[in-house]
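Here is how the chains run, residue by residue.
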Amino acid sequence: MQTHISSYLNQKVSSSPLSVFRFFFGILMCISILRFWSKGWIEELYLEPVFHFSYFGFEWIKPIGDYTYLVFLICFISSFFVCIGYKYRISIFIFFLSFFYIEMMDKTTYLNHYYFISSLSFLMIFLPANSSFSIDNIIDKKQFKLVPKWTLDSVKFLIAIVYIYAAVAKMNSDWLFNAMPLKIWMSSKYHFPIVGETIFQQEWFYYFMSWAGMIYDLCIPFLLIYHRTRFVGFLLVIVFHVLTKILFPIGMFPYIMIFSALIFFSHKTHDLIIKKISFVIDKISSFFYEFKYRISICDYRSCKKGVLYIIVFFFLFQLLFPFRYTMYPGELFWTEQGYRFSWRVMLTEKTALTNFKIVDPHDQSFFYVNNSDFLTPFQEKQMSFQPDFILEFAHFLGDYFSINTKDSVQVFADSFVSLNGRKSQKFIDSNVNLYLEKRSFKNKKWIIPLKDEIKGF
Amino acid sequence: MFKNYYYFIFILSLCFIACDPDESMEQNEDLYDRAGLLTNWADNIIIPAYDSFYNSLIDLNGKVMDFTQTPSTLLLNELSDAWLIAYKDWQHVEMFDIGLAEVINYKGKMNIYPTDSELIEQNIIDGDYDLSNNNNFDTRGFPAMDYMIHGLSDDPQIIVDYYLSNPAYTTYLVSIIDQMVNDTDLIVQDWDSFRIDFISSTDNTATSAMNKMTNDFIYYFEKGLRANKIGIPAGIFSNDPIPTAVEGFYKQDVSKELALEALLATQNFFKGKYFNSEIFGASLESYLSYLDVSSSNDLAENILLQFIVAQNQLNQLSDNFINQIETNNMEMLLAYDAIQQLVVAFKVDMLQSLSISVDYVDADGD
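Line by line, the protein sequences are chains A and B.
Residues 1 to 457, numbered by the numbering used here, are exactly what the first sequence covers, in order.
Residues 458 to 823, numbered by the numbering used here, are exactly what the second sequence covers, in order.
The calculated DSS-like cross-link candidates involving lysine-lysine, where the alpha carbons are at most 27 Å apart (straight line), are:
id: 1; chain 1: A; residue 1: K357; chain 2: B; residue 2: K680
id: 2; chain 1: A; residue 1: K141; chain 2: A; residue 2: K276
id: 3; chain 1: A; residue 1: K275; chain 2: A; residue 2: K145
id: 4; chain 1: A; residue 1: K445; chain 2: A; residue 2: K423
id: 5; chain 1: A; residue 1: K87; chain 2: A; residue 2: K12
id: 6; chain 1: A; residue 1: K426; chain 2: B; residue 2: K680
id: 7; chain 1: A; residue 1: K145; chain 2: A; residue 2: K268
id: 8; chain 1: A; residue 1: K189; chain 2: B; residue 2: K728
id: 9; chain 1: A; residue 1: K156; chain 2: A; residue 2: K268
id: 10; chain 1: A; residue 1: K275; chain 2: A; residue 2: K141
id: 11; chain 1: A; residue 1: K39; chain 2: A; residue 2: K189
id: 12; chain 1: B; residue 1: K728; chain 2: B; residue 2: K564
id: 13; chain 1: B; residue 1: K728; chain 2: A; residue 2: K423
id: 14; chain 1: A; residue 1: K423; chain 2: B; residue 2: K680
Calculated from the structure, these hints are not laboratory results.
Use the sequences and the hints to build the structure in full.
See the structure below:
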């Protein structure tokens with residue numbers, strides 16, 4: 001066993017796949033940030049709201065007024081440096097920190113693909129992705145032909161985890177046996193040309209898409225790994241992600257996954273890519289000046305031993321964290337305890353209405369709060385069906401309305417939620433004073449259980 | 458060889474997706490006719506409701522002219538009756554906050570209450586006011602007229618005397634009705650051309666007529682009906698009840714009548730009932746009955762049942778909400794709860810079945 005591990009750790013592969021991966025990752029991140037900025041979302045999502053939902057333990061990460069733009073600028077610049085491979089180690093580290101900060105500022109904007117980017121960029125801190133095809137090579141005057149095989153495999157492993165866990169998440173009775181929520185989503189796209197009023201309204205189509213989606217997620221890592229099926233696998237990747245891009249508002253995620261899939265191709269493909277891109281860059285830069293540089297080609301670049309422990313811990317986390325939901329009672333899709341950070345992508349449709357009643361304990365006089373006085377429509381929507389948001393907002397309201405009273409007010413929630421097409425049901429016990437409930441990782445006993453059962457993961 | 462096999466599977470699966478449309482049509486002939494739904498809304502509900510409302514506004518205008526020319530308690534009474542008729546007709550159009558109505562903030566000009574009686578008096582004294590200016594948002598429309606007809610004094614004769622002695626009161630009353638008539642006229646005219654855009658806007662997108670009208674309906678039900686008429690006066694959103702916030706505050710005994718009319722208007726819209734006729738056309742009810750998701754939950758039937766419950770609960774209240782609030786506010790709260798259940802059915806169940814977002818949320822989803 002030991003010898004197997006050490007012989008694996010000593011294996012070497014070409015450095016070009018990792019370098020190309022770094023290059024495209026950097027570009028996509030640049031584009032993502034520019035896109036986010038140009039849509040005015042920095043203003044809309046981080047500066048305009050008077051209140052922000054925070055991650056438990058990370059309440060100290062908040063938007064910092066106009067300086068928030070600075071964080072995005074830093075993120076943009078570092079992603080550009082990552083792309084061109086300039087001072088790569090520092091750049092990817094700064095990118096990770098700034099992106100993580102952006103992600104943590106407001107829980108409202110949680111997206112599985114933001115989690116993917118931060119996980120990936122964390123991993124990349126420890127990978128020699130600037131071994132070739134990078135400015136660092138020009139500065140250091142050397143590039144490396146080979147890198148440890150495990151560095152390349154770790155990226156493939158992460159991508160495989162994302163897909164396989166997404167597949168496992170779809171192995172539930174709502175998704176497979178009720179074709180939910182695809183049934184609701186597809187039938188509502190009736191205005192699509194040709195298909196909108198025909199196959200999008202067919203019962204069999206919802207089941208086909210649900211099963212196909214699950215099977216795709218499960219099989220695609222293997223199709224990509226095995227060289228005979230790689231090309232077809234890649235075509236499927238393109239088809240699948242373009243399809244989801246057309247159907248759903250999921251931003252840059254499809255492009256990131258398409259380009260990530262490239263890493264499974266052999267080094268020959270990547271050498272070709274590097275050649276083509278270098279050709280274009282040389283052509284362009286030759287207009288400005290002739291840049292002569294000499295790079296000696298080194299053989300192999302290794303990694304520090306300590307890094308291995310970090311990587312192992314990282315993957316243990318990735319493998320185990322998505323299963324923490326098993327430690328909580330109740331239906332996961334309903335209570336959402338342990339739902340995030342586990343690759344449950346586009347899995348449920350929840351609609352809800354949650355209002356808060358503020359009671360003065362002295363005379364039992366009460367009033368209901370207008371959520372829109374404090375929350376944006378986006379925040380209100382996210383808050384309405386996620387219990388941790390409800391609790392945090394309840395505390396905010398309790399603090400806010402207790403300012404001028406002698407004793408603290410009581411905060412109760414009137415909440416109705418509809419999950420995957422079910423009839424709406426009361427969500428929160430409206431007799432529990434949420435202001436007294438503490439924020440923690442413990443089970444939230446004031447969530448009324450779902451009057452139904454969903455089998456599977 | 459091996460590779461070719463995979464190509465074949467791949468192409469086959471693409472074919473599977475691009476299925477023969479004719480075959481699909483046979484399986485699903487009764488595809489929901491959204492254009493028909495919008496047409497029914499526009500031609501049989503919205504436009505007739507506006508026409509009828511406009512006519513009652515013209516009548517109201519006539520009564521204003523009659524009264525202001527020769528003020529008397531008799532003509533004041535007729536003016537009051539005409540005001541109520543128009544106010545009830547108004548309940549059938551307030552929810553259509555779409556098209557030109559949305560652009561010019563029509564409902565913000567017609568029915569903001571409580572009205573600011575002090576500012577009205579100030580306007581009358583100053584003489585130079587512009588009712589289309591947003592500073593005057595609560596000194597115009599039906600509530601302002603309520604004050605001018607019923608609120609100047611408890612004694613009708615004293616009200617008549619105000620108009621007899623001070624022409625500025627007449628001027629102001631006329632400005633109010635002029636603005637109401639003008640704005641309504643603009644909207645009625647606009648619907649001639651807006652109709653085409655409306656009916657063809659069947660997509661399920663944030664700016665489509667289909668989505669906007671559904672959202673407008675829900676918004677009106679939640680805010681215009683539930684909160685404004687019942688919730689706010691009953692003190693749901695404040696520490697104590699606010700009886701001065703009822704609709705028709707100065708007339709005092711029409712709040713229930715107006716609330717029932719509004720509830721009827723929303724019920725009729727939900728059922729697709731032609732305005733002023735017993736014919737029913739395509740509607741949210743029929744749409745929900747068509748969709749698998751909602752029909753399996755009997756959503757449409759449950760909504761209709763809840764409408765009846767809400768109606769009954771409203772009927773229990775006194776005609777005079779101010780009295781009701783001051784003597785037994787609990788009944789107001791019960792009526793509120795009954796209406797609230799409909800809000801849940803609309804905002805949660807109905808919107809999920811139709812897969813429409815409450816508000817346009819411009820962000821990536823995952």
